[in-house]
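Chain order of the listed sequences is A and B.
Heads up: the first sequence is residues 1 to 334, going by my numbering.
Heads up: the second sequence is residues 1 to 334, going by my numbering.
The hints are simulated quantities; they were obtained by calculation from the structure and are not laboratory data.
Remember, predicted model here, so these are calculated numbers, not experimental data.
Any given hint might turn out to be false.
One copy or any two copies: either way a pair holds, since identical chains are not told apart in the list.
Subject to a maximum C-alpha distance of 27 Å in a straight line, what follows is the list of computed DSS-like cross-link-like pairs (lysine-lysine) [unchecked claim]:
no., residue 1, residue 2
1, K103, K9
2, K28, K175
3, K103, K288
4, K91, K272
Here are the chains, one letter per residue:
Number of protein chains: 2
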Amino acid sequence: MSETPSNLKQYLSRIKGLVDGYIYAYVKGEPEEIYNAALHLVKAGGKRLRPLITIAFAEMLSQPPEKALSFASAIELVHNFTLVHDDIMDKDEFRRGVPTVHKIWGEAFAIIAGDLLFSKSFEILADALNKGIPPNRVVRAATVLSSATSTVAEGQALDMLFAEEEDVDIDDYLKMIYKKTGALFEAAAILGVLVATEDELLISNASSYGKNLGLAFQIRDDILGIIGDEKVTGKPVYSDIREGKKTLPIIYALANLPKGDSEYLRMILGNKDASKEELSKAADLIVKSGAIEFAEKKARDFGKRAIEALRVFPENDIRRILENLVEFTISRQK
Amino acid sequence: MSETPSNLKQYLSRIKGLVDGYIYAYVKGEPEEIYNAALHLVKAGGKRLRPLITIAFAEMLSQPPEKALSFASAIELVHNFTLVHDDIMDKDEFRRGVPTVHKIWGEAFAIIAGDLLFSKSFEILADALNKGIPPNRVVRAATVLSSATSTVAEGQALDMLFAEEEDVDIDDYLKMIYKKTGALFEAAAILGVLVATEDELLISNASSYGKNLGLAFQIRDDILGIIGDEKVTGKPVYSDIREGKKTLPIIYALANLPKGDSEYLRMILGNKDASKEELSKAADLIVKSGAIEFAEKKARDFGKRAIEALRVFPENDIRRILENLVEFTISRQK
Numbered sequence: 001m002s003e004t005p006s007n008l009k010q011y012l013s014r015i016k017g018l019v020d021g022y023i024y025a026y027v028k029g030e031p032e033e034i035y036n037a038a039l040h041l042v043k044a045g046g047k048r049l050r051p052l053i054t055i056a057f058a059e060m061l062s063q064p065p066e067k068a069l070s071f072a073s074a075i076e077l078v079h080n081f082t083l084v085h086d087d088i089m090d091k092d093e094f095r096r097g098v099p100t101v102h103k104i105w106g107e108a109f110a111i112i113a114g115d116l117l118f119s120k121s122f123e124i125l126a127d128a129l130n131k132g133i134p135p136n137r138v139v140r141a142a143t144v145l146s147s148a149t150s151t152v153a154e155g156q157a158l159d160m161l162f163a164e165e166e167d168v169d170i171d172d173y174l175k176m177i178y179k180k181t182g183a184l185f186e187a188a189a190i191l192g193v194l195v196a197t198e199d200e201l202l203i204s205n206a207s208s209y210g211k212n213l214g215l216a217f218q219i220r221d222d223i224l225g226i227i228g229d230e231k232v233t234g235k236p237v238y239s240d241i242r243e244g245k246k247t248l249p250i251i252y253a254l255a256n257l258p259k260g261d262s263e264y265l266r267m268i269l270g271n272k273d274a275s276k277e278e279l280s281k282a283a284d285l286i287v288k289s290g291a292i293e294f295a296e297k298k299a300r301d302f303g304k305r306a307i308e309a310l311r312v313f314p315e316n317d318i319r320r321i322l323e324n325l326v327e328f329t330i331s332r333q334k
Numbered sequence: 001m002s003e004t005p006s007n008l009k010q011y012l013s014r015i016k017g018l019v020d021g022y023i024y025a026y027v028k029g030e031p032e033e034i035y036n037a038a039l040h041l042v043k044a045g046g047k048r049l050r051p052l053i054t055i056a057f058a059e060m061l062s063q064p065p066e067k068a069l070s071f072a073s074a075i076e077l078v079h080n081f082t083l084v085h086d087d088i089m090d091k092d093e094f095r096r097g098v099p100t101v102h103k104i105w106g107e108a109f110a111i112i113a114g115d116l117l118f119s120k121s122f123e124i125l126a127d128a129l130n131k132g133i134p135p136n137r138v139v140r141a142a143t144v145l146s147s148a149t150s151t152v153a154e155g156q157a158l159d160m161l162f163a164e165e166e167d168v169d170i171d172d173y174l175k176m177i178y179k180k181t182g183a184l185f186e187a188a189a190i191l192g193v194l195v196a197t198e199d200e201l202l203i204s205n206a207s208s209y210g211k212n213l214g215l216a217f218q219i220r221d222d223i224l225g226i227i228g229d230e231k232v233t234g235k236p237v238y239s240d241i242r243e244g245k246k247t248l249p250i251i252y253a254l255a256n257l258p259k260g261d262s263e264y265l266r267m268i269l270g271n272k273d274a275s276k277e278e279l280s281k282a283a284d285l286i287v288k289s290g291a292i293e294f295a296e297k298k299a300r301d302f303g304k305r306a307i308e309a310l311r312v313f314p315e316n317d318i319r320r321i322l323e324n325l326v327e328f329t330i331s332r333q334k
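Okay, chain A solo, but in the shape it has when bound (with noise of 0.2 Å):
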């Protein structure tokens, strides 16, 4: 597997400078113990790449990284939001390498933590009039943000639904995964955009780059969740199976293993106390089924389109980056 392409790298550690300040010093206040809690997985970790997707494609548009930062953070802080929210929801207890923030704080608080990186990413997006940007344009952003997330509850209120269903196919799980995690990185293309210009063209390939780059990066983590390693993700391994996550290799598994494996596959699917060695027995099938080579593929076929997307834009540096971030996403290690 390749490694980080160094501009990448460089171009994720200079954005992880100019987001994290941006956001420390905006999300604070009073009971101190709140915002802890709400900063938490912000400052575990993370790779930063939906603001780097918003900066990106208003510096490929010729505008100061410094212009998209309220957009640029208000999408990471809605990332975060879900992120914490989620871990409630499926009971994890590990990300990015440290404790959930639930697993620290308690339900009740996390709950709060996830709701405040909410609302403060409104009040950041909303910041970018001071930035220049022009009132119409604000809103405009807004309301993709605020649609975006809605998306996302949609997605993740989906997610759960296909674990308790028995007949989830390629297409249900498609649909899903761009309401998921899709929609998210569209929104940050199209805000990136829209620091710059509110011409639909461009606004429409955004949104086809951040769309498809977004179902190969999600694809791609459903990988990681069957042959990931705990160490480099820092999540929890097998607690898709564990859960009965209805993720490509899985749904792929299931249909294609002999009916004995499939059938063994689907007993642990969802078995909360299945064992450790059950587990990695149903990864096993998964693998065996060549549902891993199955998704690499998917997940390089929605990478060549967000590629494709980008055509209308700028041919500069920014833009290589943006290419080189689709090699990365179908790629990587965590």
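Go by the hints and put chain B onto chain A.
Positioned in the frame of chain A, the structure of chain B alone reads:
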């Protein structure tokens, strides 16, 4: 206790029709189950006081109610979102006379349902652009609403932290209820002015009206938490005592009861295993201390300040309704 004044009653019912219609038209999507969960409490009832405030301020300033509908509905959705999450945190099983969202759909689904109401509230707010409100005022409204929602989260956190603290005094309590309740009433009034104008004197007086009314409202709520009739309020009685909440009547009683009584009260407070008899005896002690009269006087004082803040607004029928709303708030039985 006074009956709801007939003009306020009529106005409330008119607002409820407008706001509910707008919310139902806007808050829908796939999967349907999550929208049913999100709208469960909205459908179960509620007084629509906050959207009434927004629309009344706009109408008092000669704006048509329809123009205020985005802002008003956004506020109501934020309010309902906080209720859904509050009920999970407090483990309350009933509200508005029906089972709470997490009792019906489970905690995970209820968390998402609340998040969805929150994101929808910003979608709805941004729709104000289509109602002819200029973009700069829409952005300001978004700032006011998101910042108020952050304040509500701070208030909920304080409320939880106070339950574990021994020495919460009246000033701490007032600060907490301003955050938990006052801030959203304040935002409701400011948003109403923003439908018409950015006049800073009017905004600051609307802020004062909303804030003081919110304080009076929460104090009345806390009084009903001790002496309210479960059948009328639709909420479980004595839950404040069981959860050890530091409400105004409770703080007053702890400080003013004879030592033996105050020790008994302290023993019952926050005791999840307390029997109905013990809770009822604790409530009787609070009444005996004079806490209810004390709290009622406080609520009246804040109500007076709210009415004073209206002086800078045009003297018309709608202003009368906002005055009557104060009276209703401090004497209501639910």
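These are the hints, each one checked on the structure:
1. K103 to K9: Neither. Shortest intra-copy (31 Å) and inter-copy (47 Å) distances fail the 27 Å Cα cut-off.
2. K28 to K175: between (36 Å within a copy, 17 Å between copies)
3. K103 to K288: Close neither inside one copy (35 Å) nor across copies (42 Å); limit 27 Å.
4. K91 to K272: Intra 11 Å, inter 24 Å, cutoff 27 Å: intra and inter.
In summary, the numbered hints that this structure violates are 1, 3.
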